[in-house]
Amino acid sequence: MTGKGGTGKTTVAAALGLAAARAGKRTLVAEVAEQERIGEAFGKTEVGYTETELAPGLFAFSVDPVKAREEWVRYRLPSRTLAGALNSSRIFGYLAAAAPGLAELVTIGKVWELAQLERKAKGSAPFDLVVVDSPATGHGLAMLRAPSTIGDIARVGPIHRQAYRIHDFISDPRLTGALAVALPEEMPVAETLELEKRLDEEMDMGLDSIVVNGLYPERFSRDEAKRLAALDGGGPPGARAALLEHERARAQRSQLRRLRRGAGAPVLTLPFLFEPELGLEQIEQLSRELERRLP
Amino acid sequence: MSVERWLQRKDVCVCAGSGGVGKTTASAAIAAGMASRGKKVAVMTIDPARRLATSLGLPDLGNEERLVDPERLRAAGFDPRGELWAMTLDAKRTFDEIVERNAPDERTRDAVLGNRIYQELSNAVAGSQEYMAMEKLHELHQEGRYDLLVLDTPPSRNALDFLDAPKRLSQFIDSRSLQFFSGAGRRGLGLVGRGTGLLFSVLKRATGIDLLTDLSEFFSSFGEMSDGFRERAERVDALLADSRTTFLLVTSPRHAAIQEAVFFHHRLLDAGLPFGGVIVNRMRDLSDASDAGGELEKQLGTELARKVERNLEDYVRLAERDRLNLGQLRKQIGRTPMITVPDLPGDIHDIEGLARMDEHLFRSM
Numbered sequence: 086m087t088g089k090g091g092t093g094k095t096t097v098a099a100a101l102g103l104a105a106a107r108a109g110k111r112t113l114v115a116e117v118a119e120q121e122r123i124g125e126a127f128g129k130t131e132v133g134y135t136e137t138e139l140a141p142g143l144f145a146f147s148v149d150p151v152k153a154r155e156e157w158v159r160y161r162l163p164s165r166t167l168a169g170a171l172n173s174s175r176i177f178g179y180l181a182a183a184a185p186g187l188a189e190l191v192t193i194g195k196v197w198e199l200a201q202l203e204r205k206a207k208g209s210a211p212f213d214l215v216v217v218d219s220p221a222t223g224h225g226l227a228m229l230r231a232p233s234t235i236g237d238i239a240r241v242g243p244i245h246r247q248a249y250r251i252h253d254f255i256s257d258p259r260l261t262g263a264l265a266v267a268l269p270e271e272m273p274v275a276e277t278l279e280l281e282k283r284l285d286e287e288m289d290m291g292l293d294s295i296v297v298n299g300l301y302p303e304r305f306s307r308d309e310a311k312r313l314a315a316l317d318g319g320g321p322p323g324a325r326a327a328l329l330e331h332e333r334a335r336a337q338r339s340q341l342r343r344l345r346r347g348a349g350a351p352v353l354t355l356p357f358l359f360e361p362e363l364g365l366e367q368i369e370q371l372s373r374e375l376e377r378r379l380p
Numbered sequence: 337m338s339v340e341r342w343l344q345r346k347d348v349c350v351c352a353g354s355g356g357v358g359k360t361t362a363s364a365a366i367a368a369g370m371a372s373r374g375k376k377v378a379v380m381t382i383d384p385a386r387r388l389a390t391s392l393g394l395p396d397l398g399n400e401e402r403l404v405d406p407e408r409l410r411a412a413g414f415d416p417r418g419e420l421w422a423m424t425l426d427a428k429r430t431f432d433e434i435v436e437r438n439a440p441d442e443r444t445r446d447a448v449l450g451n452r453i454y455q456e457l458s459n460a461v462a463g464s465q466e467y468m469a470m471e472k473l474h475e476l477h478q479e480g481r482y483d484l485l486v487l488d489t490p491p492s493r494n495a496l497d498f499l500d501a502p503k504r505l506s507q508f509i510d511s512r513s514l515q516f517f518s519g520a521g522r523r524g525l526g527l528v529g530r531g532t533g534l535l536f537s538v539l540k541r542a543t544g545i546d547l548l549t550d551l552s553e554f555f556s557s558f559g560e561m562s563d564g565f566r567e568r569a570e571r572v573d574a575l576l577a578d579s580r581t582t583f584l585l586v587t588s589p590r591h592a593a594i595q596e597a598v599f600f601h602h603r604l605l606d607a608g609l610p611f612g613g614v615i616v617n618r619m620r621d622l623s624d625a626s627d628a629g630g631e632l633e634k635q636l637g638t639e640l641a642r643k644v645e646r647n648l649e650d651y652v653r654l655a656e657r658d659r660l661n662l663g664q665l666r667k668q669i670g671r672t673p674m675i676t677v678p679d680l681p682g683d684i685h686d687i688e689g690l691a692r693m694d695e696h697l698f699r700s701m
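Residue numbers (the working numbering), protein chains in the order written: chain V, 86 to 380; chain L, 337 to 701.
Be careful, since some hints might not be right.
[To be verified] Within a straight-line C-alpha distance of at most 35 Å, the following computed DSBU-like cross-link-like pairs (lysine-lysine) qualify:
id, chain 1, residue 1, chain 2, residue 2
1, V, K207, V, K129
2, V, K129, V, K110
3, V, K152, L, K667
4, L, K634, V, K311
5, V, K205, V, K129
6, V, K207, V, K110
7, V, K129, L, K667
8, L, K346, L, K428
9, V, K282, V, K152
10, L, K376, L, K428
11, V, K207, V, K282
12, L, K428, V, K282
13, L, K667, L, K634
14, L, K375, L, K428
15, V, K129, V, K152
16, L, K643, V, K311
17, V, K152, V, K110
18, V, K152, L, K428
[Said to hold, decoys possible] Each pair of labels, with its calculated beta carbon distance range:
id, chain 1, residue 1, chain 2, residue 2, range
19, L, R341, V, Q201, 49 to 59 Å
20, V, L379, L, E442, 54 to 64 Å
21, V, D257, L, E475, 34 to 44 Å
22, L, G374, V, E366, 47 to 57 Å
23, L, Q344, V, E376, 49 to 59 Å
24, L, Q664, V, E374, 22 to 32 Å
25, V, R345, L, M337, 36 to 46 Å
26, L, R481, V, T166, 55 to 65 Å
27, L, P440, V, R342, 51 to 61 Å
28, L, G374, V, F359, 37 to 47 Å
29, V, Y134, L, R481, 19 to 29 Å
30, L, E631, V, R304, 15 to 25 Å
31, V, F359, L, G637, 15 to 25 Å
32, L, G663, V, T166, 46 to 56 Å
To be clear, the hints were calculated from the coordinates, so they are not data collected in a lab.
The C-beta atom is built at its ideal place from N, Cα and C for all residues, glycine as well.
All chains, full assembly: derive it from the sequences and hints.
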């Protein structure tokens, strides 16, 4: 899952994970880029680099690039002494931190590992579904592209092979689906349309669905809005708030139409929830909505 | 409180914050507002989605600053006494320009530009945008053609990565740290020191030799330019820490955004960088929410009055949450200058929208 920042990706990822777990799938939601936000609603403040159970059948994992890199080195080097030497080598740490693209590669590499039926990590059971709460559009795309980029640099050898195994996995529509989360507003719609285009051009991938989050209800008819607008001096305070909301709901619908016209993928919507903060109950509610609307 | 006061005697304004809070819009509104107040301003964005171009009505901003048509600004209600210039950063082009300027000779320049690792890294990989933004900022500042540079930083959690970008790039290219690679490339495995020899053979087993050979080629040609890069990184650091630079944080009153703003604030202070203030965008306004009593029902009839009341209840709940979150923010960042921008009707994505933000950002001196 990707999409513009602030569209509610983490909430939608949690709702999707919950829906999948309810359907009996052993599900993991992987957060990347130090976000660590998913646990909060489930009362788990620290998720970390472990498979942490949030609800029956639903796990969370936070992919820390440094830990992912160390795990990868340990996996590549059967000798613990050598792996330890490399992981504690200052030059290696220095280069690895500075090398653009390496953090993205080991991150998506760990996500790939989490999704394998035969897990490489010791003592780990396989997951039926891994939901990746990936970074905002530009950085999300960079992460998806990292395996083929690094694979092309390496040309041959173990890095090339492994990078391409990951690339093949994430670009295979039978194994990996792509969801975009958007808001029904001008800039998120523009970014979603661009994301779909770039995914196609750069990764030869399509979006499976676009989830439009935070759609306001149409509480007032046009006629009612007219009556509100006709009140003397803008009317009492409640009337102004009502007109504001009416205008917002209408602007949202026009953006939604624009997205539907421009996008190749099916567009589904989630309602705006008038709750001060989104907790477990709201994630539950959104997961039921997703259940009904996702193909 | 006004942004104009925050930007008095400033050459550089860096806007930071998490995604989706209206940072690009705020950067553009600040730049347009300062241009309206007589300054020659350039606003630069490194956002990959090129949102600034949309908001300024320019089809493609390119890697060069372009003058925003003063007529457009005027039509939107600005009074462009100064000039507004805008650009989106093309990381690849900026990187190439730096290589061209810094290469000691043509041979080195062509070797670097033609190197496959260089091409992949400069073109495709996340992080180069951040590196290049700081370079471009420095370059424009050196040229001295503007009174003020406004930088819109990249979105997402790594929003402050750009602070380390110049240092990381110069470290990456630094000949001292890479002697080992270029040495291995030139002299072969047998001649490098024992410690690095072991490391090299371990790396070889972990990664595959082809990568290393390519890397060593890349670094041996790049190594000759590394002194230039190190100096530039130091100058960029000095520019960011200068008293004529200021960092502004943009946030929304949502819980997650506030948390990130607090985190950014700490990081800025830890790094000893000049901090200007916080802009809290999209605040729901409670002054709209006083109780209308029985008046609504008289004017609108029972059914519509009930709907209006329910709508107001929802609105008030969210407005109260905004107010609580703002209180949290104030508590956590202390006595910090703060400007709030209300949740304006409609979507802000164009020059007219920037003008509507202006009165809140530049309220009074």
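Right, here's what the structure says about each hint:
no.	hint	in the structure
1	K207/V - K129/V	holds (24 Å)
2	K129/V - K110/V	holds (21 Å)
3	K152/V - K667/L	holds (34 Å)
4	K634/L - K311/V	holds (17 Å)
5	K205/V - K129/V	holds (26 Å)
6	K207/V - K110/V	holds (21 Å)
7	K129/V - K667/L	holds (25 Å)
8	K346/L - K428/L	holds (29 Å)
9	K282/V - K152/V	holds (33 Å)
10	K376/L - K428/L	holds (27 Å)
11	K207/V - K282/V	violated (39 Å)
12	K428/L - K282/V	holds (20 Å)
13	K667/L - K634/L	violated (43 Å)
14	K375/L - K428/L	holds (30 Å)
15	K129/V - K152/V	holds (20 Å)
16	K643/L - K311/V	holds (14 Å)
17	K152/V - K110/V	holds (27 Å)
18	K152/V - K428/L	holds (30 Å)
19	R341/L - Q201/V: 49 to 59 Å	holds (57 Å)
20	L379/V - E442/L: 54 to 64 Å	holds (57 Å)
21	D257/V - E475/L: 34 to 44 Å	holds (43 Å)
22	G374/L - E366/V: 47 to 57 Å	holds (53 Å)
23	Q344/L - E376/V: 49 to 59 Å	holds (55 Å)
24	Q664/L - E374/V: 22 to 32 Å	holds (30 Å)
25	R345/V - M337/L: 36 to 46 Å	holds (42 Å)
26	R481/L - T166/V: 55 to 65 Å	holds (58 Å)
27	P440/L - R342/V: 51 to 61 Å	holds (57 Å)
28	G374/L - F359/V: 37 to 47 Å	holds (44 Å)
29	Y134/V - R481/L: 19 to 29 Å	violated (48 Å)
30	E631/L - R304/V: 15 to 25 Å	holds (19 Å)
31	F359/V - G637/L: 15 to 25 Å	holds (24 Å)
32	G663/L - T166/V: 46 to 56 Å	holds (54 Å)
Hints 11, 13 and 29 from the earlier list are contradicted by this structure; the remaining hints agree with it.
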